[in-house]
Amino acid sequence: MLLVRCPWCGDRDEAEFRYGGQADVDYPADPHQLDDAAWGEYLFVRANPLGSFNERWVHTAGCRRWFSLVRDTATNEMSPDIPRRRESR
Amino acid sequence: MTVLNKVESETAAPETATAARHSPLEHRAAELERRSTSGARGVRLHEEPFLSQINLRTPPGGVESSAVSDSLGLPLPTVNRVSGDEHHAVLWLGPDESLIVAPDGRAEHLLRTVRDAQRGGSGSAVDVSANRTTLRLSGPAAREVLEKLCSLDLHPRSFGPGDCAQTLLGRVIVVLWQLDREPGYRIMVRCSFADYLVDLLLDAMAEFLDG
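Those protein sequences? They're chains A and B, same order as listed. Just so we're aligned, residue 1 is where the first sequence starts under UniProt numbering, counting upward by one. Just so we're aligned, residue 1 is where the second sequence starts under UniProt numbering, counting upward by one.
You may find that some hints are simply not true.
For each label pair, taking beta carbons as the anchor points, the in silico distance ranges come out as [unchecked claim]: (1) Met78(A) - Pro60(B): 24 to 32 Å; (2) Asp180(B) - Arg18(A): 29 to 37 Å; (3) Glu14(A) - Arg190(B): 46 to 54 Å; (4) Ser52(A) - Thr78(B): 26 to 34 Å; (5) Thr78(B) - Thr75(A): 46 to 54 Å.
Cut-off 25 Å, straight-line C-alpha distance, at most; resulting in silico cross-link-like pairs (DMTMM-like, lysine to aspartate or glutamate) [said to hold, decoys possible]: (6) Lys148(B) - Asp13(A); (7) Lys148(B) - Glu14(A); (8) Lys148(B) - Asp195(B); (9) Lys148(B) - Asp70(B); (10) Lys148(B) - Asp104(B); (11) Lys148(B) - Glu108(B); (12) Lys148(B) - Glu41(A); (13) Lys148(B) - Asp163(B); (14) Lys148(B) - Glu64(B).
Note that these hints are calculated values from the structure, not bench results. Beta carbons: idealized from backbone N, C-alpha and C, even for Gly.
Given only the sequences and the hints, what does the whole structure look like? Please build it.
Take a look at the structure:
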């Protein structure tokens, strides 16, 4: 069982969370300009790195807030540092 | 979440509602009494039905939050803490979310107070009293019982009186609130999960039945 650090509630069991996939996948600025391949790429294609990965989690059984964290996909080590919020959000 | 508007709250007839209402665990009151034990390794469980509960959303640190806190006569709680006592308390639920808990029948008054304080600012206050019922688990063995169901560290060094947490007991989302050192806890649970949670708790309490 992983111990996930919610930025609000602190360290909690993995069972209290849901996984939200890769972080920072932006909705296309003008979706109508995309062809099918590019739209498919946006919808379905995600990075799958071996190593550091920015991802979204939601603390469903706790404060119900979404947050991002950095997890090492090889070791499951999670960085307690919250990735810096980007300018666009 | 449905926001209760002013018209709805004023047209409700409190007398009729009181006469007709049933708490989710009233049919198990005798069983809870029978399975509670006293003594050095005792643990007691009973329902505290119909507590008034107001879900409060307010931007942290803003003018609204100080107005709300003045109107309640309580500071808004810091992270994972409760301010006030068991008769009038505000529980921390999230960075901009708290739960006001008071005895039965106080909801309408509290709602009016808080909404007056929020007037002109942002935030919301919603009566969620019917959302959850409350279980009171107390006695010297109460922490041992909870530890069978809960992944939180409940040892006094990390969880004590005035602490609260939204977490899982078994498979149920609850608001767990420690009231005193005995230890005594309030467990606030959705009405529809209350029966299941009582089954889990009674099972966890079984070993203490013979003292």
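Status of the hints after comparison with the structure:
1. Met78(A) - Pro60(B): 24 to 32 Å: 25 Å, holds
2. Asp180(B) - Arg18(A): 29 to 37 Å: Given range 29 to 37 Å: holds, Cβ gap about 34 Å.
3. Glu14(A) - Arg190(B): 46 to 54 Å: 22 Å, violated
4. Ser52(A) - Thr78(B): 26 to 34 Å: 32 Å, holds
5. Thr78(B) - Thr75(A): 46 to 54 Å: 33 Å, violated
6. Lys148(B) - Asp13(A): Holds - the C-alpha atoms of Asp13(A) and Lys148(B) are around 14 Å apart, at most 25 Å.
7. Lys148(B) - Glu14(A): Within the cut-off at roughly 17 Å; holds.
8. Lys148(B) - Asp195(B): The given pair, whose Cα atoms are some 18 Å apart, holds under the 25 Å limit.
9. Lys148(B) - Asp70(B): 40 Å, violated
10. Lys148(B) - Asp104(B): 31 Å, violated
11. Lys148(B) - Glu108(B): 37 Å, violated
12. Lys148(B) - Glu41(A): Roughly 46 Å separates the two Cα atoms, so the pair is violated.
13. Lys148(B) - Asp163(B): 19 Å, holds
14. Lys148(B) - Glu64(B): Given pair Lys148(B), Glu64(B) is violated - Cα atoms ~40 Å apart, limit 25 Å.
Hint compliance for this structure: hints 3, 5, 9, 10, 11, 12, 14 are broken, all remaining hints hold.
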